[in-house]
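Asker: Here the protein sequences line up with chains A and B, keeping their order.
Under the numbering used here, think of the first position of the first sequence as 1, with each following residue one higher.
Under the numbering used here, think of the first position of the second sequence as 1, with each following residue one higher.
These are computed hints drawn from the structure, not numbers from a lab.
Think of the CB as a built atom: it goes at the ideal place given N, C-alpha and C, for glycine as much as any other residue.
Be careful, since some hints might not be right.
Partial pick of chain B residues on the chain A-facing surface, computed with a CB cut under 10 Å [stated by the list, open to error]: (1) Ile42; (2) Asp170; (3) Asp190; (4) Glu193; (5) Tyr203; (6) Val205; (7) His206; (8) Tyr210; (9) Ala223; (10) Tyr241; (11) Ile271; (12) Leu325; (13) Ala332.
Heads up, simulated BS3-like pairs for lysine-lysine below, C-alpha to C-alpha not over 30 Å straight-line [as the list claims (entries may be wrong)]: (14) B/Lys266 with A/Lys574; (15) A/Lys565 with B/Lys290; (16) A/Lys517 with A/Lys556; (17) B/Lys61 with A/Lys319; (18) B/Lys249 with A/Lys556.
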Amino acid sequence: MPSMEKIRNFCVIAHIDHGKSTLSDRLLEFTKTIADRDMQDQALDSMDLERERGITIKSHAIQMYYNHNDGEKYTFNLIDTPGHVDFSYEVSRSIAACEGALLLVDASQGIQAQTISNLYLAIEHDLEIIPILNKVDMPSAMIDEVTEQIVDLLGCEEEDVIHASGKTGLGVEEILAAIVDRIPAPTGDPKAPLQALIFDSVFNSFRGAIAYFRIMNGQIRKGDLVRFVNTGKEYKADEIGVLQMDQIPQKMLGTGDVGYIITGIKESKEIKVGDTITHVDNPCEEAIHGFEEVKPMVFAGIFPVDNDDFEDLRDSLEKLQLNDASLVFEPETSVALGFGFRCGFLGMLHLDIIQERLTREFDQNVITTIPNVSYFAYTKKGEKITIHTPTDMPDPTLLDRVEEPIISAQIITKPEYIGNIMTLCMEKRGTLKSQHYLTQYRVELTFDIPLAEIVFDFYDRLKSVTRGYASFDYHPDSYKPADLVKLDIKLNGEPVDALSALVHRTKAEAFGRKICKRLKELLPRQQFVIAIQAAIGAKIIARETISALRKDVTAKCYGGDITRKRKLLEKQKKGKKKMRQVGNVSIPQKAFLDVLKLN
Amino acid sequence: MRSDYLSGDTLQSIYFGGGTPSLLTEKELSAIFNQIYKTFSIEEDAEVTLEANPDDLTPEKVQILKNSPVNRLSIGIQSFFEEDLKAWNRAHTAAEAIACIQRVQDAGFENLTADLIYGATTTPDEHWVENIQRLIDFKIPHLSCYALTVEERTALGHFVRKGRVEAPKDEHAARQFEILMKMMAEHGYDHYEISNFAKSGYYAVHNSSYWKGSHYLGIGPGAHSFNGDSRSWNIANNPKYIKAIRQGKQSGIQLYETEYLTLEQKYNEYILTGLRTIWGCSLEHIRSIKPEFEAHFIQKVQPFVEKNWMQEQAKTFTLTQKGKLLADYISAELFLL
Ligand SMILES: Nc1nc2c(ncn2[C@@H]2O[C@H](COP(=O)(O)OP(=O)(O)O)[C@@H](O)[C@H]2O)c(=O)[nH]1
Ligand SMILES: [Mg+2]
Numbered sequence: 001m002p003s004m005e006k007i008r009n010f011c012v013i014a015h016i017d018h019g020k021s022t023l024s025d026r027l028l029e030f031t032k033t034i035a036d037r038d039m040q041d042q043a044l045d046s047m048d049l050e051r052e053r054g055i056t057i058k059s060h061a062i063q064m065y066y067n068h069n070d071g072e073k074y075t076f077n078l079i080d081t082p083g084h085v086d087f088s089y090e091v092s093r094s095i096a097a098c099e100g101a102l103l104l105v106d107a108s109q110g111i112q113a114q115t116i117s118n119l120y121l122a123i124e125h126d127l128e129i130i131p132i133l134n135k136v137d138m139p140s141a142m143i144d145e146v147t148e149q150i151v152d153l154l155g156c157e158e159e160d161v162i163h164a165s166g167k168t169g170l171g172v173e174e175i176l177a178a179i180v181d182r183i184p185a186p187t188g189d190p191k192a193p194l195q196a197l198i199f200d201s202v203f204n205s206f207r208g209a210i211a212y213f214r215i216m217n218g219q220i221r222k223g224d225l226v227r228f229v230n231t232g233k234e235y236k237a238d239e240i241g242v243l244q245m246d247q248i249p250q251k252m253l254g255t256g257d258v259g260y261i262i263t264g265i266k267e268s269k270e271i272k273v274g275d276t277i278t279h280v281d282n283p284c285e286e287a288i289h290g291f292e293e294v295k296p297m298v299f300a301g302i303f304p305v306d307n308d309d310f311e312d313l314r315d316s317l318e319k320l321q322l323n324d325a326s327l328v329f330e331p332e333t334s335v336a337l338g339f340g341f342r343c344g345f346l347g348m349l350h351l352d353i354i355q356e357r358l359t360r361e362f363d364q365n366v367i368t369t370i371p372n373v374s375y376f377a378y379t380k381k382g383e384k385i386t387i388h389t390p391t392d393m394p395d396p397t398l399l400d401r402v403e404e405p406i407i408s409a410q411i412i413t414k415p416e417y418i419g420n421i422m423t424l425c426m427e428k429r430g431t432l433k434s435q436h437y438l439t440q441y442r443v444e445l446t447f448d449i450p451l452a453e454i455v456f457d458f459y460d461r462l463k464s465v466t467r468g469y470a471s472f473d474y475h476p477d478s479y480k481p482a483d484l485v486k487l488d489i490k491l492n493g494e495p496v497d498a499l500s501a502l503v504h505r506t507k508a509e510a511f512g513r514k515i516c517k518r519l520k521e522l523l524p525r526q527q528f529v530i531a532i533q534a535a536i537g538a539k540i541i542a543r544e545t546i547s548a549l550r551k552d553v554t555a556k557c558y559g560g561d562i563t564r565k566r567k568l569l570e571k572q573k574k575g576k577k578k579m580r581q582v583g584n585v586s587i588p589q590k591a592f593l594d595v596l597k598l599n
Numbered sequence: 001m002r003s004d005y006l007s008g009d010t011l012q013s014i015y016f017g018g019g020t021p022s023l024l025t026e027k028e029l030s031a032i033f034n035q036i037y038k039t040f041s042i043e044e045d046a047e048v049t050l051e052a053n054p055d056d057l058t059p060e061k062v063q064i065l066k067n068s069p070v071n072r073l074s075i076g077i078q079s080f081f082e083e084d085l086k087a088w089n090r091a092h093t094a095a096e097a098i099a100c101i102q103r104v105q106d107a108g109f110e111n112l113t114a115d116l117i118y119g120a121t122t123t124p125d126e127h128w129v130e131n132i133q134r135l136i137d138f139k140i141p142h143l144s145c146y147a148l149t150v151e152e153r154t155a156l157g158h159f160v161r162k163g164r165v166e167a168p169k170d171e172h173a174a175r176q177f178e179i180l181m182k183m184m185a186e187h188g189y190d191h192y193e194i195s196n197f198a199k200s201g202y203y204a205v206h207n208s209s210y211w212k213g214s215h216y217l218g219i220g221p222g223a224h225s226f227n228g229d230s231r232s233w234n235i236a237n238n239p240k241y242i243k244a245i246r247q248g249k250q251s252g253i254q255l256y257e258t259e260y261l262t263l264e265q266k267y268n269e270y271i272l273t274g275l276r277t278i279w280g281c282s283l284e285h286i287r288s289i290k291p292e293f294e295a296h297f298i299q300k301v302q303p304f305v306e307k308n309w310m311q312e313q314a315k316t317f318t319l320t321q322k323g324k325l326l327a328d329y330i331s332a333e334l335f336l337l
C-alpha cells in the first residue's frame, strides 16, 4: 500500500473531442501501465459505441505508477468522467472523488460549454486545476488566443498552462510531474471509521455488479461486513482491489485509495452512484453528502416493430439495465403499437444510445414514440402525480396545475451569434440569466429553459443558427408551473395513442400541424378518404385530408402479366398484414418510424 | 420441340405480338406459318392476329399480310394527338395513324383492334373523347384502352422522379376511364375485360383464353405458356434463346422455367383474371379448385357487394363500374395467402 502522501487522484475535464481519451492513453503508455503492444487507441473507452462516437459514456478509473524526479514512486488514480450533458450527476460524483483535475482545452477550438460547466463543478469541489493547452501540434492551433482564454477563466499565470499534444506526446512528462507537484495528496483520517464514495459501477456477467469507490476516511479489508448507507443494504466484501488494466485483488485498501468491491450483488440497480460505503460495525457518523437518487428525465415508449418480439425486447432491456442502472422501463400497451415498454432516460443522448444499442447489440427492431419529460401534476384535491406518459395526465377538470423541469443551460459562442441564440431561446420559452464575455471573441450565455424544449430539435437548431459555433451543456435546475396540454392525433376520428404528446399550449398548434403534414406524406392512400386531425380534447387544431385512391387497377393483364401481378398483389397483401390498424386505417410501421423522427 | 405441350388440342388462335412482328418479311412470315401448320392442327376459322404500329403498315406490307393467314390486325394507335405521341416517343404521327386505318380497311381488313392510352397529363378530356370517337367512327369493332402507368425503369418514370414531367393523377385517369365506359356502352361495345371493349362477335379469342384459364403455348424469348397446372416462361435473352433452340440440350441452356401452381395460387389467379372480365368468378369454379375456398370467398366478397363494387348473378360475381376502378385492391382482398 502506498502511503497517502504518494497518492494522487485526478480526473480530466474536457469538451467532447478535445482529446481527453487520446491524452489519457499517452499517460498510460508513458507510465507503462499499458504495454505498447496492448495499446489500443483510447483504452479507457471500452464500449465500441463509445469509441465510434468519441464520447465516454460510462466513467472508469485506472491506476498507474509514476517515478517522479524526486526519486519517489507515486500512485496515480485517473478517474474518467462521462462526457455528456445527460450524465452531469455522474460527473459530479467522479469529481468528488478527486483532489485535482487536468483541464484540457483544444488549442484550435478554445474553451467550450462543457469545459466550463465541468470546470465549475471541479472548482465547487475545491479541486486543484492543471490547465493544459492540447493539440498544439495542429496547424490551426491558436496558442496565444486560447492561452489567454484559459488565463482569464482560471485567473492563473500563462506559465501554469502546459502545452501538450496527445498525438505527438509533447508535454506528457510535464503533466505527470505537475500532477505530483501541484495536486495535493489525499487528506482524510486513516483511523476514522470507513467512509468511501461510490463514483461508478459496472456489471460483469460472471461477477455481478461491481462498485468503484474512493476511500475518504478509514480503511477496508477483504471479508469486511459493509453497509451502503443510502440504500441501507449490507454485504460482505468478497473481493476488493485496485483497477489497473485488469482488476488486481488486494487484502486491504486505505484512505485516499481508489478501488473496486465485489459483493455478489446481482443487479447494478442496488449500487447507487454517490452512495457511501461504511462498516457495519463502527460505521461513519454521516454519509458523504451530495448523494442523489438519479431520476430519469425523459420518457418514451419503445415498441417492437413486430409484436412477436415483445419478450425479446424485454430481455434486451433487462440486459441493458444490468449495465446501466439509470435506464428504467415498465410494460406499456398501445392500441396502435401493441405491447411495448415505457422507458425512462437521463436525457436525449441517453435515449439515443439505448435505442442504438438495442439495434446494434441486441438486433432489436423498435419504434420509439414521441419523448416527453417527466412532469408533476397537482390535482385540485392536492394530490401530486408524476407524469411519464401522456395518458397519465389527469382530466383537465380535475387538474390544478402542472409543473415542468427547468434546466440551466450554458452556451458558449461567438458574439455575432448572440442575437440568433437569444431568438432561439425565447422561442424555446427560455430566459437569459447571464451573459459573460470570456474573451473579446467568446461569450458565455446562461439560460433557464424548460427541458421539454430541448427534447425537440434544439440541438439541430442551435447548430444551424450558429453555423456550428456553439457549445451547449446543461444541468437540471428546478420545476416550474407550465401551461401544458395533451395533443391527440386522430385518423378518421380514432385517436392514435402512440402519437399523443404533451406540449406547451403555445406550441400545440404548430406541433399538431407538423405531425398532420408528415402523416399526410407518409400514409399510403387508401380506398377511402382519411382525415388526419390534431386535437386538444374535443377541439381540432389542425387537419389534413388524404383523398381516396380512385383507381387501383392494372392496365394490361395478358399471359405472363398474370403471374407477375398475382405475385405482386400477394406480396403487398402480406406487407399489409403487418401494418398497424387504427380504426379502418392501415399504418405502415415505416410511417410510425418516420413521423416520430421529428428532429 | 414443345409441340406436345398443348397435348394435340386444335388451336383456336395464333397471335404475333411483342416487339414489332410487322417487321417480318414475306418469306419469313410464310416460313413461320408453314411450320405452324405442319406442327399443330389449326381450327378452320382460327383467329390469327398480328400486332403492328401505324408507321410499319406500308401499302406493300398490308398486301403481304392480306395474302397471309393473318385475319386480324392489332394497331398501336395510342392517340390521334401529336402532344401525346411526342410525349410517349412514338414513331408515328396522328396523320399516319388515320391513313393507316383507312389503308388496312381498304385492303379488306375489317377485324381490327386499336390501342389507346388515357390518363396522361398531355391528354385533356376533350382529346380523349375525340380519340374514342374516331375509332367508333371508323367502325373498329375492338378497342384496348390502357391507363398510362409510370413504371420505375422507363424514361417516363425517370422524368417523373426528376420532376421534369408531372406524374399522372389517378383522378384524371379515373375520370377518363369513366368517360370511356360511358361512350363504349352508348355505342354498343361490351366491356368484356377491364381494358378491352368489343362489339359482339369480336371478342379477342386469343386474349380471352388468358382470362378464361385456357391453355396456351408461347414461342420466342420471354414468352409465357400455361397448361392448367403450371406456367412456364422462356428465357428472355435473345442470343441465349436462339442457342438453346439450335443446339437443344447440348447448349447447356435451359430454354424455359416452370412453376407449378398451388391451389391457393390457382385460386388467386382465377380471382385476379376472372374479376377483370364479363364472365366473372363463379362459386362453382372456386369449389372446383378446392371446396373450402368457397366459404372464404363468400365471406370476403360480402362487403364489396354491400358497397356496390361487386354484383352477383346466378352465383357468379362480377365487378360493377365502380369496382372496375379498384380491381387490383378488390382482388388482393379476396386472395388467399
Ligand atoms: N492533431 C491532434 N489530434 C488529436 C490530438 N488529441 C486528439 N486528437 C484527435 O482528436 C479527436 C478527438 O480525440 P479524443 O481523444 O477521442 O477526444 P475526447 O472526446 O476528448 O475523448 C480524435 O480524432 C483524435 O485523433 C492531438 O493532440 N493532436
Ligand atoms: Mg473520449
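Asker: Holds or violated: B/Ile42 as interface residue toward chain A, Cβ cutoff 10 Å?
Answerer: Since the shortest Cβ distance to chain A is 20 Å, the answer is violated.
Asker: Is A/Lys565 within 30 Å of B/Lys290, Cα to Cα?
Answerer: Holds: A/Lys565 and B/Lys290 sit about 22 Å apart, inside 30 Å.
Asker: For the hint on B/Asp190, does the least C-beta distance to chain A fall short of 10 Å?
Answerer: violated, 17 Å
Asker: Holds or violated: is there a CB of chain A closer than 10 Å to the CB of B/Ala332?
Answerer: Interface hint status for B/Ala332: holds (4 Å vs cutoff 10 Å).
Asker: Does the closest beta carbon of chain A sit nearer than 10 Å to the beta carbon of B/Glu193?
Answerer: holds, 8 Å
Asker: Taking the least C-beta to C-beta distance, is B/Ala223 closer than 10 Å to chain A?
Answerer: holds, 7 Å
Asker: Given the hinted pair B/Lys266 and A/Lys574, is their Cα-Cα distance within 30 Å?
Answerer: Cα-Cα ~18 Å, so holds.
Asker: Does the alpha-carbon distance linking A/Lys517 and A/Lys556 stay inside the 30 Å limit?
Answerer: It is violated: about 35 Å lies between the C-alpha atoms, which goes past 30 Å.
Asker: B/Lys61 and A/Lys319 were given as a pair; does the straight-line alpha-carbon distance stay at or below 30 Å?
Answerer: violated, 78 Å
Asker: Does B/Asp170 hold up as a contact with chain A if the rule is Cβ-Cβ below 10 Å?
Answerer: holds, 4 Å
Asker: Hinted pair, alpha-carbon criterion (30 Å max): B/Lys249, A/Lys556. Please report holds or violated.
Answerer: violated, 34 Å
Asker: When the nearest CB of chain A is found for B/Tyr210, is that gap smaller than 10 Å?
Answerer: holds, 5 Å
The structure fails to meet hints 1, 3, 5, 6, 10, 16, 17, 18 from the earlier list, while all remaining hints are met.
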